[in-house]
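Here the protein sequences come in this chain order: H and E. Each residue of the first sequence is one higher than the last, beginning at 1 in UniProt numbering. Each residue of the second sequence is one higher than the last, beginning at 1 in UniProt numbering.
Rather than coming from a laboratory, the hints here were simulated on the basis of the structure. Not one of these hints is a red herring.
To give an idea of the chain H side of the interface with chain E (calculated C-beta under 7 Å), a few residues:
#1 I180
#2 E259
#3 K261
#4 H346
#5 A586
Glycine included, each C-beta is placed from N, C-alpha and C at the ideal position.
There are 2 protein chains.
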Amino acid sequence: MPTYKAPLRDIKFLINELLDAPAELAKMPYYAENETADAALMEQVLDEAARFVEGELVPLNAVGDQQGCVRHDDGEVTTPEGFKAAYDKYRKAGWTALDADPNYGGQGMPHLVSNVLVELLNSANVAWSMYPGLSHGAYSALHAVGSDELKDLYLPKIVSGEWTGTMCLTEPHAGTDLGIIRTKAKDNGDGTYAVSGTKIFISAGEHDMAENIVHLVLARLEGSPEGTKGISLFLVPKYLPTADGKVGERNGVVCGSLEHKMGINGNATALLNFDGATGFLVGEINKGMNHMFIMMNAARLGTGLQGLGLGEVAYQNALAYAKDRLQMRHTPRVNPAESADPIIVHPDVRRMLLTGKAYTEAGRAMAMWLALSIDTEHHHPDEAARKEAGDLVALLTPIAKAFMTDNGFHIAVQSQQIFGGHGYIREWGMEQFVRDARIGQIYEGTNGIQALDLLGRKVLMDGGKKLQKLAGMLQEFVDANEEDEHIGEYVTALGKASQQLGSITMVVGQKAMSGPEGADEVNAAAVDYLRFFGHVVYGYLWARMAKIAQEKIDAGQDKDGFYLGKVQTAKFYFTKLFPEIKALAATIKAGNEPLAVDDRLFGLERALITA
Amino acid sequence: MPTYKAPLRDIKFLINELLDAPAELAKMPYYAENETADAALMEQVLDEAARFVEGELVPLNAVGDQQGCVRHDDGEVTTPEGFKAAYDKYRKAGWTALDADPNYGGQGMPHLVSNVLVELLNSANVAWSMYPGLSHGAYSALHAVGSDELKDLYLPKIVSGEWTGTMCLTEPHAGTDLGIIRTKAKDNGDGTYAVSGTKIFISAGEHDMAENIVHLVLARLEGSPEGTKGISLFLVPKYLPTADGKVGERNGVVCGSLEHKMGINGNATALLNFDGATGFLVGEINKGMNHMFIMMNAARLGTGLQGLGLGEVAYQNALAYAKDRLQMRHTPRVNPAESADPIIVHPDVRRMLLTGKAYTEAGRAMAMWLALSIDTEHHHPDEAARKEAGDLVALLTPIAKAFMTDNGFHIAVQSQQIFGGHGYIREWGMEQFVRDARIGQIYEGTNGIQALDLLGRKVLMDGGKKLQKLAGMLQEFVDANEEDEHIGEYVTALGKASQQLGSITMVVGQKAMSGPEGADEVNAAAVDYLRFFGHVVYGYLWARMAKIAQEKIDAGQDKDGFYLGKVQTAKFYFTKLFPEIKALAATIKAGNEPLAVDDRLFGLERALITA
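In isolation and in its complexed conformation, chain H is listed as follows (with noise of 0.2 Å):
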């Protein structure tokens, strides 16, 4: 059975080292009137989580995987032994609370911490952690957009984690494709709306663990538009709340069926049936995409953080067991006195535990990076500061959510294949890790979407304003460190590599101008770029954590080999992960000409983009 140790070693250096978070968040008036971005408190929050996901979570894990979740005929749905009496607890310790609004029962603790905690909760259950993820991005859209009737009565009991929340966008015909959906709503003329449709795939739709759930869901409403703007926002109770905010009638709301699937069978994926239930407008009538879109851009952190959390618990495992396990023998034997050697000794090993301790430790500086820009573009108190730091977030988003995950699946089937033939054995729980971690690359967006979201959208449309921004922090940070007698060497390569990155958008963004096939050059490109790009950020944070490591190992300040083993880290990370961008330039720049092949090749019997 597997174990977990949160990494709390690491998420220390990366909040006081790398991104200085105390002193930033200092800065920020909203946390330091609620002072609750001290680093004592912030580090006593983590050890408590720690704490936490390791006695309860982790225990679960193997549970909710072999048993999953049960419907019912009456629509009602029992989620695996052990996974609401865990809930509990959690939302009764505060947790669910954390990075909340005060007004409505928050603890207001920044963006940084609670990003550690889903960091910590996706390692040890990730079908667990999606309950309270989903409420998370409920809670999100309602605080950001809800009237204040809406925030009053469902706030707190969402922040309080007593009902929990849903994203329901997807129908069977529409997934990517959000402007064909077919659920309608239909104004009752009191202030309610009748909200009637099909939604599939949605994660936490139904289960025990609260007494009521809360759907945001996307319909058109009566007369709006075709298309993505035609579509509204609102809300549906599983149980229409009293005044008071009791749990009252039952509303029209059934879950029709449970899907199965690859992995996180703990986690209840709904088929919900709408049948004239009662919604409320959140927002603005046609606006429900935007408004959708903050919860999705929460999401897409949220999953990002599950290939990060699923890659590091998967290295953890595989570590534990290449020290363990005696295999063949290494020139010179290590271990003579037993009948061969601990497996880590082979390069080979080494080669595959490196890869997921340099992309896990990366991913987390760029997770944390992102968290504290989140906090930034929120509180802080300079306009341009909150600006700079939105687009950051924008830009790093959908690299957080693709590249995370990207990463993490291959960590997770590397990190198996240290176990060989155990590794495809249900009871040893890495094969597990693999079929959950296979998700994050598909929903909220495939990790396709993601890339045309960082090219098109991100990139592209304000013409590289964003990209721009970024790599003239590099391009400082190069221009400082090139030199460097250590890092200088990866310095120089990063420089290369981000002058390379904006030369090739150059290229991609002429070609999206240049005529009707501008767009496909654009989806031609989009996913090796997301790559390229995600190398680039990656680079940049390695070539920083080995800068401040190398200072405090020539400060004599390196006594368990923490500094040093970042140092070789970064080392390993430029020489056999970094790399890849080669490849990725090439293909890159050979465009869409050779995807544009006969459509019979396909097999298509009319031709269709091709003439």
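Position chain E relative to chain H; hints supplied.
This is chain E only, laid out in the frame that chain H set:
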């Protein structure tokens, strides 16, 4: 539910146009005399094979996954519904005898043909196909090194499929490292041996599909030396045969449990307890490892064909879905009458599909080239030709195993991705392909072990002679075609890559001999080296296929676009997949140094390989 049509058009192209196989086989008296290599006969057999797998095995694939195998208290095992009935049809139709020796009831068809059968079986139903697959491995070893007495008694039963076979190698503490196995054999003094020990992960190890199971077991004879030099191979039947070949007394081997696995659930993966079971020596005492390699080499190609077959079927289903699923718009619209365009118009979807097509068709070409080389190695009248073919088989076998299973898994994952959220749901069947494909990278020697076999044993051990022979063949092709107006560009890239492979080999070879760290350098380079080598082989085959196809196009013989598809897929391969070698060249060059990290990085308390 997934569907499958055997890719007969492509297979016939490879047999007749790429390999000119009927003419090659006609040079071999074994096939000429048996009249089993006639082009029309081979095609007829393959058409029949396609009908069988499509009709009988495809419908059992999901059933096998859902039901799995059940072990009863007496150690007997029930296979999924329909498995036994399909097996009865299969063996009665003569498929188990296809390429077997006519002296033992075989049909004496070429390996080239049985290789295709195995690909088709694996596309249709990997778990089912492993029952006859393991039998075939046992057949090969027994046929090669068994005594006449053993062969006369057992081979007819295995060839007819009445009895199946297994390979019993792995023990709980010994996977890759067979030198440390603990299973013992004691000489009974009557020509038999008493075999005792526990073997795990035995595919098709116990089942109800045949009346007897013939286990080939690695064990150490009392008094034999430690390590791999003291291991012998024993035949241990589940039931001891009577003198006239009927099933007799029950032998002392019992299934202790079945594993619960990530995939291939329809195959019984057994723990077998041998308790003084009666065994018969196969081949020579203490030569068990050598003898077992006969089985293992066959099994490695067979495992590669699992990757190939799963890639093909995953690709076919993703292609069908991509044509059917309407989502988002292309610019310009291709489907104005519907709400959206089929997703196959989006370049990134085409990229994923073409990845499947390009890897699969090159893999098929390599596997069939290898199979024809096996025929040549065994049956060519010219000794030099046999030697040359044998060298090629030795060189290509680890590539076939590792490169095809890695690519097959990658294709399965990308094909699942094309389904979006539906790909994660069991009923669509795509996630089963991913789970089933994963094992191919692990068993029969992990792909890391294949890489060591390639670089260490097959390339460096004979001073690069086998590699040079292949490189010479490639150079000849490059010299003849680098000016070609259609394929010259690819041929030039191939020539450079082949030369680079040579120089990389030289560098790693020199490091390997440079001192005690030499072995680590080989270990550090091996996995990336195998992928580089795989691309050189696939590049050679794509260039050759494109050349043939272009000639047909130029001659006006491409009515259905098949040849244009080959030319365009070659272009895709060289521009979008082949550039991976740029990254691999860099990571190989980086060597072992970045992996030789301080042991404290891994939390090791004592130094292992670093001082």
